[in-house]
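Let's have the full structure, built from the sequences with the hints guiding it.
For the protein sequence lines, the chains are A and B, in the order given.
Going from the first sequence to the numbering used here is simple: count from 1 and add 1436.
Going from the second sequence to the numbering used here is simple: count from 1 and add 1436.
Rather than coming from a laboratory, the hints here were simulated on the basis of the structure.
Warning: the hint list may mix true and false statements.
Copies of the same chain look alike in the list, so a pair counts if it works inside one copy or between any two.
[What the hints assert, rightly or not] Straight-line distance between alpha carbons at most 20 Å, and here's what the computed EDC-like set of lysine to aspartate or glutamate pairs gives:
no., residue 1, residue 2
1, K1837, D1463
2, K1681, D2093
3, K1543, E1802
Listed below, chain by chain, are the residues.
2 protein chains.
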Amino acid sequence: MHGAPQDRSIEETLTPRSVAVIGASEDLTKFGGRILKSLIQHGFEGAIYPINPQRESLRGLACYPSVQRTPAPPDMAIMAVPPDAVRETVAACAEAGIKAAIIVTAKFSEAGDEGAAREREVVEVARRHGMRIIGPNCLGLISPVNNLALCASPALFVPELPPGEIGFVSQSGALMATVFDRAITRGIGFSHCFSIGNQADLELCDFVEFLVADPHTKVICSYLEGVKDATRFVATARRVHDAGKRWIIVKAGRSEAGAAAAFSHTASLAGSFEAFAAACRAAGVLVMDDTDAMTLLAALLGRFPETDPRSTAIVTTSGGSGAIAADRLTDGSVPLASFAPTTVTALQVHYPAELCTNPVDMGAAERGLLTGVVSDTVDIVLRDPATDIILTPVTTVPDIKLVAEHVVVGEQRAAEAGYVKPHILLLQPAQSGEAARGALKQAKALYTDNLDEAVRTIAAWQRLASLRRRAAPERPADLPAAPGIGRGGAIDEIAAKRLLDAYGVPVNRAELARDAQNAAACAERLRAPFAVKVISPDIVHKSDVGGVALDLDTASAVEEAVTGMAERIEARLPEARIEGYAVQEMAAGDLEMFVGARRDPQFGPILVVGAGGILVELLRDVAVACAPIDATAALELLNACAASRLLGGVRGRPPLDVAALADAISRVSWLVHDLGDRFEQLDVNPVLVSTDGCVAVDARLLLGTGSDDANGAEGASA
Amino acid sequence: MHGAPQDRSIEETLTPRSVAVIGASEDLTKFGGRILKSLIQHGFEGAIYPINPQRESLRGLACYPSVQRTPAPPDMAIMAVPPDAVRETVAACAEAGIKAAIIVTAKFSEAGDEGAAREREVVEVARRHGMRIIGPNCLGLISPVNNLALCASPALFVPELPPGEIGFVSQSGALMATVFDRAITRGIGFSHCFSIGNQADLELCDFVEFLVADPHTKVICSYLEGVKDATRFVATARRVHDAGKRWIIVKAGRSEAGAAAAFSHTASLAGSFEAFAAACRAAGVLVMDDTDAMTLLAALLGRFPETDPRSTAIVTTSGGSGAIAADRLTDGSVPLASFAPTTVTALQVHYPAELCTNPVDMGAAERGLLTGVVSDTVDIVLRDPATDIILTPVTTVPDIKLVAEHVVVGEQRAAEAGYVKPHILLLQPAQSGEAARGALKQAKALYTDNLDEAVRTIAAWQRLASLRRRAAPERPADLPAAPGIGRGGAIDEIAAKRLLDAYGVPVNRAELARDAQNAAACAERLRAPFAVKVISPDIVHKSDVGGVALDLDTASAVEEAVTGMAERIEARLPEARIEGYAVQEMAAGDLEMFVGARRDPQFGPILVVGAGGILVELLRDVAVACAPIDATAALELLNACAASRLLGGVRGRPPLDVAALADAISRVSWLVHDLGDRFEQLDVNPVLVSTDGCVAVDARLLLGTGSDDANGAEGASA
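See below:
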């Protein structure tokens, strides 16, 4: 029996100096057998305590009947005992003074209510003793910088654990091992890999914060299926950024929301993946969809943290491979470099003048590949001022190993002259490329077998370079302290526009009329021409039921229009509750835009912008961001929409007033932010944009009850 | 000296019974050295004649000083002599009675005018003797079904050439060898591979026609950079189809046209790649953008020629891999299967009921993977009536080789019960998956290391299954025999609409007025309201210069409008030649569509349809097809546009008259077809579509001089 440990830092928790393997054995078909083998094989320097009451020793180590009987309390224990035995085993560990336990066992919260109850009990037992838990339902950890493998995967049955600068936190154990295996096969190493399982106690952000502080880690990679605590997630992302490190996440389940949700305005336009992605963009976290490209990019970022790979040069042994690579990079929106004249001249040592362009086909050199062509070409292109990164597809050439080595020589020559740039070899041959792979791995050169991966990697790197964590947006001085609205539920157009107006969003002037006669009176106070719209909680698409009249020139025309409208709606929708008729000044504009927002249950108000009117349904092309944003960020958001092509002016017409629109978007974002917990959904559609300003013509707002405070403003938090 | 051969069939030409290697040696750094080694190693049964005046024997074979001195005339010779020596060597071969020569040597037509002249001379010499040439600037051929390797690539330094059912014709030699290497590494074999180089004599279609007739070949793959003879290409594609075989093409240079051409109406909307792709679709040829996926699909098609993989099941060892695969298949528009109730029930043998869905996570089975879970699951899912194909991502599980073997067992069990369906294993581990790869290769199971490749393969297979060569479209009986138009150049709106009207395309009635007074007279003969547009060869975008007036109710309003228009244009564009003013009945419609066509220099008239008006510039989303097409094909074309979402009716409005639009598109396609060689470009924009018909509101036609015949109709050919 050892004493109970005190609360300790995550660093101390995750870097144990002694470990116990509960259920250790020599049988490699068992978890405890594989774990013990890897643990010993990779040279962990701390004490290893195999726990197995049936054995005196295992693999040459003294074996102990229980964790209580080890000579000193182990820092960490790993167990793969049956589900029903976990609680008891955890209790024994906690009582023995163990600081952290890895629970490999599954059938906890991932397996229904009973498992969830079991999981809560286990956590409770551990917490009572100040012991931390990794898992359950996880695969353990691999810490190459500590020579520590606490993981049952056969991927660890390798001669060594190459250390590297990448930390990996994975919600899937199988993927952790697979990513590890694929990476080390091509010479990419890790600092630490954590399989976090159900995150019953230690969760994603604990591990990421460990890696933020870890001196061995430069780049953090994650595979996620969901986020437990969005607020902490965002805070952790900021810590990663502040530490000058990078965080790349592959998130599964992107397609579910999109496929399941019907297409109907904001709610489905910004599904929960979009909210997650928007939060990541705002925090400078890169989201990718492929773990291989994530690994390659992480390795490149470790070496070239400051590179912004805006233009890519292709240097290849085959014209055909070069052409396909150029096509696929173009498909992936990766621009190709246009060589500087000095580069073109330098290449003429080996190539006819007309072939000194990007892609460079080394197969077309005047002399054979191994006469200095490969190293010279790589060296020359790396010095090209217009080139940020080189992709080198290599085909089944003779002496491919030598060709690969010459590529590395060219790279080294350029580096010695101060031209240190990233370089990805695409080794296309399979079996006939094996020797070259070995040589590249030895030279610590980065390569891939897969063009898709190279394209994804460069494209993602470009996105990452353009991501910068935005400074907290500055609140415009002329905003009200809080939106002045008391009631909840569906807010009608008139009231919603009053709110927009208070926030400085231009709206067309409007009054609410009770009936036809009153409408005429409203019109007298406004400027012709007029538009009239019915206001009813039961009518969403007003024009479909004849509830909109436009271009009315006089008050009497307004009166007449409302009379007709009332009759039509009475005939078609006798049940509809009519709250009145909005009489508005007609607004002019050249383009209809959509500005909306919805409340994401995890990440709060998410702004959605795109083409408005009928185009919103046609294009399904919107851009989303977490609110609030400033006008600069709003401009970037607009640029991410296809509609930005129209804002720039079509067919030589003057460009529209994007600045006014961006300002309005920022103000809308502050409004939804200030509405706090009460905010549910806002559609401002259309916002009419002209060459000189913009105006919100229609608006719908939905508020929940939110916090107790009627104002709701203090529920807001950036 | 042997006699000159007679003209012979392509079959005889490409299946030599004896071969000569000119410049044969034992030095593997030389072409002749590598070729001789591979030729002997792979057991070619015909006579092999090494040609080298300095040697008596090479690698145990008698060596000859020249092709004239071999005991019998070789059927085929291969040479990699210097460019200047090619002509002489070819002449010697031809005089020796050799039937076909492979010229590996480069620096011919690919290297400028001098090389092109050299190439013409060489071909001339060969043709004089009836000798055929493969190349120059090629890498030779590999015919595993004949144990024949005439190729210098080190990719052939393998123990055997596995024969298969895929024929491959490649415009890039390096890619031929690389594709071959990657394929055989995973157990996929070929019937014949041809590197066709500059196609100075034998060209793409000769090789493809050989493969059409070849009994060993079921699927034909090609890598192309361009097509020499579009007419022959289309005819060859039809022969492939008629033979019940499939043709898959990866074409490089897709992106060039798109990137280079400015976006301006039809010309750049349907660049030359689009014309090529349209011709391929019409002929049932599948175009892909990746050679690895092409190879995998070809191998699958060889085994499952009739499969239409409409829905995919995922069976995986890892929930994480399953989630990522589901996302990526969704990205690639590959639908996932919804299991039938019988399948769900059957899966409950191994899984909790709530986990018996697609993807199936075998890692979540009640018992371990190797207790029958893997084979049972694969067997059960292959029997699922809703599943057409299975993708099985396998991660770094223990006993991965056994897991892979169990997958194959499950497949075999299903096959024995009559459920023969395609199955792709995605083997995710790198080094720890090597043993499993060996087992799969031995079992002749198809696998990939790469999720992108699997997604591309299934998505392309779906496209292929939906391609069927269209029957020649039937000419509507009411079309005129030929378009009645004599003059060439730019045809004005009035004349263009007259042509459309003659072809049965609905147009709004219009008359051409000389001046304001005349315009009023025209209006008297038409039905109000009217539109007036200026007609001038110098004004493309009429509304930008005030050259359009709409909603005119009376003849006097028309007169006034023309007067104002004339003054505005005189002020803004004094140089513009005014041909008159089109006075038209205003047309009504709910959606503007664009219907156009342009002449592709290779593939003839290419039809382009998409959203019209301002949307054509916003969306850049059009569909193209070779003209003519029938109304059914026009409907399919419309469905390929984003605009089809609008045609179906937006926000619960009734759908628009797509049938009328499809009929009009077909008629436009016949018009441009009938215009024959004279046709250059036609824009019908907009076509206004309503719930009851459609009407062409504006049209511009550009004709060239075409053939001598003023009618131009006989220049047309389907």
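Do the hints match the structure? See the list:
1. K1837 - D1463: between (40 Å within a copy, 18 Å between copies)
2. K1681 - D2093: Neither. Shortest intra-copy (38 Å) and inter-copy (57 Å) distances fail the 20 Å Cα cut-off.
3. K1543 - E1802: Result: close only across copies, 10 Å inter versus 66 Å intra.
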